[in-house]
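Asks: Each protein sequence line maps, in turn, to chains A and B. Take the first sequence: its letters are residues 330 to 415, numbered as in the numbering used here. Take the second sequence: its letters are residues -9 to 187, numbered as in the numbering used here.
Fair warning: there could be bad hints in the mix.
[Unchecked claim] Keeping only pairs whose Cα atoms sit at most 25 Å apart, straight-line, the calculated SDA-like set for lysine to any residue is:
| # | chain 1 | residue 1 | chain 2 | residue 2 |
| --- | --- | --- | --- | --- |
| 1 | B | 171 | A | 348 |
| 2 | B | 171 | A | 342 |
| 3 | B | 171 | A | 339 |
| 4 | B | 171 | A | 392 |
| 5 | B | 171 | B | 124 |
| 6 | B | 171 | A | 350 |
| 7 | B | 171 | A | 340 |
| 8 | B | 171 | A | 338 |
| 9 | B | 171 | A | 347 |
| 10 | B | 171 | A | 349 |
| 11 | B | 171 | A | 396 |
| 12 | B | 171 | A | 346 |
Simulated from the structure, these hints should not be mistaken for lab results.
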Amino acid sequence: MISDDYPNDPSLARLASLRTYDVNAGSAERLRRRCHVLLEEQASNTPVAIANGILFRRIAAPVLGGAWCVVYLIEVIRRAVAVYGM
Amino acid sequence: MTPMDPDDEGALVARLRAADPGAFDELYDAYRPRLFAFLLRMTRSRTVAEDLLNDTWLRVVRHAYRLRADTRVGPWLFTVARNLYWSYRRSSLVEERCAPDLLSLWPSPAPWPSPFDLAAAGELERRVERALSRLSPQHREVLILIAHEGLTPADAAAVCGTSAEALRQRLSRARAALEQKLGETSAVAALERDYGT
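Just chain A, same shape as in the assembly:
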């Protein structure tokens, strides 16, 4: 597997034909599983996930809470008006 920049170089051709090695299957699988675990942790820490968390904490949660308070206040006022007949 020689770079196209050196198509006819005998020194490099000798190296190109050397074999490729690998770790044994058990080690390869253990490493894969370890990386998958790390990936799961990473997935919850990606910029998108972090941005979603910030979006909820800083914008969505206050808006929902505020809306609930307004509805509650309106209902209290409405009942008070009904009781006192104003």
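Chain A is fixed; fit chain B onto it per the hints.
Replies: For chain B alone, coordinates are given in the frame of chain A:
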């Protein structure tokens, strides 16, 4: 190294940034043997190469989210592996002259086609491996990256953290050194044959 289609590579990088296990598996299956072979030839120790391979992939996973959209994954992986090798080399007093027996490079379940192939191809390959192992790490890495992994000089220069011109000069010196070492190993082999040692 077969160049990936830029669109495919971009999509793979995007999936890696999103910590997609499927994208990781694609990369892992394609590059694990190549990175291991690279590290094995650089360290000349199976144990150290396995440790550095583990570190390489763990580092890849930890830093994948920081990849730029136009990252070339092959050169990036070799850069990570190479940097770890040089860190290891700097932090430990590796004795260059104590190369372990090159026979330890052969994988344990060796898939040899036939005894004839073993005798014919094995002898030449062993001589090349021996000559390669006697080169300096700087020469070894540039030869492996360009000749065995098929990186372009520009990509290999990026992996080695040098300019393309400096890399070409280093490659030229590395080729000359390899030829010299091959000549030495041929002479030794001939003497061994003549004297039956």
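Asks: Each hint: holds or not?
Replies: Evaluation of the provided hints:
no.	hint	verdict
1	B/171 - A/348	20 Å, holds
2	B/171 - A/342	16 Å, holds
3	B/171 - A/339	14 Å, holds
4	B/171 - A/392	74 Å, violated
5	B/171 - B/124	7 Å, holds
6	B/171 - A/350	23 Å, holds
7	B/171 - A/340	11 Å, holds
8	B/171 - A/338	17 Å, holds
9	B/171 - A/347	16 Å, holds
10	B/171 - A/349	22 Å, holds
11	B/171 - A/396	80 Å, violated
12	B/171 - A/346	18 Å, holds
Checked against the numbered hints given earlier, the structure breaks hints 4 and 11 and satisfies all the rest.
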